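Engineer: Each chain is listed here by its residues.
Number of protein chains: 2
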Amino acid sequence: MSSCLPYRFSRRILSTPRSMIREILKVTERPDIISFAGGLPSPAFLDTAGVARAAEHVLSEDGCAALQYATSEGYLPLREWIAERYRIRFGLSVNPEDILVTHGSQQTLDILGRIFINEGDPVVIEAPGYLGAIQAFSQYMPEFHAVRLDDEGPDIAEFSETLKRTRPVFSYCIPNSQNPSGVTYSTGCRQELAGILEDTGTLLIEDDAYGEIRFTSEKQPSFGTLLPWENVALLGSFSKIVAPGMRLGWLCARKEIIDQAITAKQASDLHSNILSQRILYRYLVENDIDSHISRINSAYRTQCNLMLRLMDDLFPEEVSYTRPDGGMFIWLTLPEGCSAMEVWKRALEKNVAILPGTPFYTDGGGDHGIRLNFSNSDAEKIETGITRLAGVLHEDIGAG
Amino acid sequence: MSSCLPYRFSRRILSTPRSMIREILKVTERPDIISFAGGLPSPAFLDTAGVARAAEHVLSEDGCAALQYATSEGYLPLREWIAERYRIRFGLSVNPEDILVTHGSQQTLDILGRIFINEGDPVVIEAPGYLGAIQAFSQYMPEFHAVRLDDEGPDIAEFSETLKRTRPVFSYCIPNSQNPSGVTYSTGCRQELAGILEDTGTLLIEDDAYGEIRFTSEKQPSFGTLLPWENVALLGSFSKIVAPGMRLGWLCARKEIIDQAITAKQASDLHSNILSQRILYRYLVENDIDSHISRINSAYRTQCNLMLRLMDDLFPEEVSYTRPDGGMFIWLTLPEGCSAMEVWKRALEKNVAILPGTPFYTDGGGDHGIRLNFSNSDAEKIETGITRLAGVLHEDIGAG
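Just so you know, the protein sequences line up as chains X and F, in that order. In terms of my numbering, the first sequence is residues 10 to 409. In terms of my numbering, the second sequence is residues 10 to 409.
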């Protein structure tokens with residue numbers, strides 16, 4: 010940048026990685042592209058009629074309150090609904106005062122980075138780790154320490170060693186159907202991690218954006234039930250079960266953390282959109298949300314299984330991948346000598362978009378990983394797209 | 010905080026002032042309180058029926074797109090509308106690419122602080138200055154330099170001296186009906202300031218949240234027309250002309266600044282609520298927004314004039330105050346020896362809420378100032394409230 014310009018940018022923003030996902034999503038807006046790159050829910054489960062009814066009720070019955078300024082904490086009935094959901098799902102007893110409504114999980118991550126990270130502070134994250142969290146936290150310039158994910162969760166020995174060595178301000182994880190890997194931590198792994206976290210006095214941030222998107226009846230405990238309450242901050246989102254367009258999620262943690270988060274929320278944008286909070290709340294109480302979630306799960310399970318079956322049939326055997334029991338993503342690992350960026354380029358030439366793994370690694374590695382989304386493509390697109398991708402992989406591995 | 014807790018908070022959040030406004034607003038939720046403390050628009054101009062119609066149209070015609078993830082830049086038709094508004098209001102030619110839709114002015118301020126401020130950087134602000142901006146910027150730990158406001162705008166000599174001495178990363182101002190003072194910069198003042206800004210190569214952040222709320226036909230130029238385009242960043246908001254509950258505003262600046270702001274927006278909350286963006290856009294094109302704004306202006310003018318007339322008649326002559334030509338606030342200056350905090354306490358005992366001036370000063374001063382809001386009270390409340398406040402002031406000054 011020329012030095013004569015009347016501004017220069019902060020180190021903070023210059024050290025924040027720009028979201029490759031969003032840049033790639035722009036390409037995928039082309040109608041001829043079959044995209045496994047994004048993380049969009051299926052449009053089939055965006056209940057426009059239900060939301061329209063809820064909106065009509067809110068605006069006709071209490072419209073002024075829905076259009077006026079509101080409190081930073083969020084709409085009380087919605088916070089009560091979230092608290093009750095914790096009780097139903099996990100037997101976890103939390104108060105509405107422990108909940109802050111945010112503009113989606115991304116904002117919750119930003120707020121947590123803001124209230125906890127001083128420059129240079131150690132932060133522990135999964136490898137591969139969630140890109141949105143890496144972006145949010147990067148703004149506050151921590152030192153990332155990544156712990157390798159296995160099929161059952163983070164490598165226990167590496168996790169323990171990393172926590173003891175670095176003494177992080179927090180450890181961040183997505184224990185259910187992790188983004189990008191699709192891995193769900195086993196109960197045994199959770200218990201071991203909880204022991205290490207408690208022994209080392211480490212705060213755990215549990216991001217449960219995909220926790221309700223499950224393909225099995227097996228239930229896993231929230232870290233909120235495995236750790237003392239001062240050791241956890243829980244994140245949730247309505248993006249996967251109702252609609253991402255309303256940008257509504259939450260933070261649930263002990264009051265002292267919520268208090269600082271409210272200060273950050275005030276300084277960020279005063280409060281979350283109250284019209285949407287009220288519409289969302291009406292939608293949740295006027296509709297059978299559990300049946301809605303069951304229908305989402307049934308459809309995503311079918312899409313995931315189809316994708317896995319095609320991959321089993323068509324992919325070179327050198328390519329390995331996770332077999333998710335929920336969520337929206339499958340994670341591919343390419344053999345040595347193959348580059349995910351190369352596969353991305355070649356797949357795009359065949360009008361198939363994937364997401365290369367590099368941005369999910371805080372150390373610049375990860376060129377052997379690829380994230381595939383199955384929630385936003387119907388059976389026909391999955392068949393066509395995976396078949397084309399199999400062709401690219403065979404060429405690439407044959408050439409390698 | 011006990012050292013055994015598994016967390017401690019960042020210096021950033023501990024140095025962010027908690028919003029006194031929002032704390033005070035909680036008190037004012039009591040129905041027996043007459044509140045001049047907040048900054049709420051009149052509920053009479055929250056057009057619930059119009060918004061309901063717009064919502065119905067959006068959800069029935071393009072509901073899926075309104076509930077799905079969207080681009081960080083914001084809804085293109087809404088950005089086009091904003092660009093056209095700049096052309097109509099100021100003859101300013103901007104492109105939709107120069108506009109980022111945010112979750113309200115507060116988020117725009119947060120984003121600007123984030124992309125420009127390194128710790129310790131000088132920032133120039135008005136004294137008294139807008140509390141929301143002080144909060145947003147404080148998170149990034151700048152060094153504030155406040156320039157005293159006079160009736161026509163900032164003191165020119167002090168402004169010039171401050172810019173030359175501190176070389177700030179930016180200078181922030183609200184030239185139209187400033188919050189909290191109600192002062193509108195004169196055209197001459199704007200021209201002088203523009204000259205100083207250009208000479209010193211300083212970026213100006215113009216916050217125009219109240220620019221459409223005018224009680225005279227006299228028009229003032231935007232700094233966007235007085236400065237080279239790389240010297241300005243313009244903020245706008247729909248909170249005062251449509252509805253604050255939707256939390257929608259914008260940043261308008263040259264592409265290089267918008268690019269960094271988009272990175273910050275992605276890391277903050279991915280994108281602004283697209284359901285509300287589309288509803289707002291439909292509302293703007295389906296209704297006569299200029300007539301709507303005229304009605305707001307007419308009502309607020311009447312409320313402001315009534316408040317000023319009562320103050321002229323009833324207040325002790327030692328109390329001086331601004332005579333706003335727009336916006337939502339009047340600023341009182343108490344004589345030496347009187348404390349605004351004291352007046353606030355005594356007024357609250359009589360069920361009248363005001364906002365003491367201290368939080369509007371970055372140097373801890375300002376205990377002689379009081380902000381009064383006239384937009385959110387009807388004639389009866391203004392008469393009762395100002396009469397009671399006059400009693401408190403007479404007692405206080407009599408005792409002083």
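Hints are supplied without guarantee of correctness; some may be wrong.
The list cannot tell twin chains apart, which means a pair is met if one copy fits it or any two copies do.
Listed below are the simulated DSBU-like cross-link pairs for lysine-lysine, each with C-alpha atoms no more than 35 Å apart in a straight line [as the list claims (entries may be wrong)]:
no., residue 1, residue 2
1, Lys354, Lys173
2, Lys359, Lys264
3, Lys264, Lys354
4, Lys35, Lys354
5, Lys173, Lys390
6, Lys359, Lys228
7, Lys354, Lys228
8, Lys173, Lys359
9, Lys35, Lys173
10, Lys35, Lys390
11, Lys228, Lys390
12, Lys359, Lys35
13, Lys173, Lys264
These are computed hints drawn from the structure, not numbers from a lab. Just so we're clear, the structure is a prediction, and the values are computed from it rather than from any experiment.
Engineer: If a hint holds in the structure, say so; if it does not, say that too.
Structural biologist: Results of checking the hints against the structure:
no.	hint	result
1	Lys354 <-> Lys173	neither (41 Å within a copy, 51 Å between copies)
2	Lys359 <-> Lys264	between (52 Å within a copy, 32 Å between copies)
3	Lys264 <-> Lys354	between (48 Å within a copy, 28 Å between copies)
4	Lys35 <-> Lys354	within (15 Å within a copy, 55 Å between copies)
5	Lys173 <-> Lys390	neither (47 Å within a copy, 62 Å between copies)
6	Lys359 <-> Lys228	neither (40 Å within a copy, 56 Å between copies)
7	Lys354 <-> Lys228	neither (39 Å within a copy, 54 Å between copies)
8	Lys173 <-> Lys359	neither (47 Å within a copy, 58 Å between copies)
9	Lys35 <-> Lys173	neither (42 Å within a copy, 44 Å between copies)
10	Lys35 <-> Lys390	within (19 Å within a copy, 52 Å between copies)
11	Lys228 <-> Lys390	within (31 Å within a copy, 57 Å between copies)
12	Lys359 <-> Lys35	within (17 Å within a copy, 58 Å between copies)
13	Lys173 <-> Lys264	within (27 Å within a copy, 45 Å between copies)
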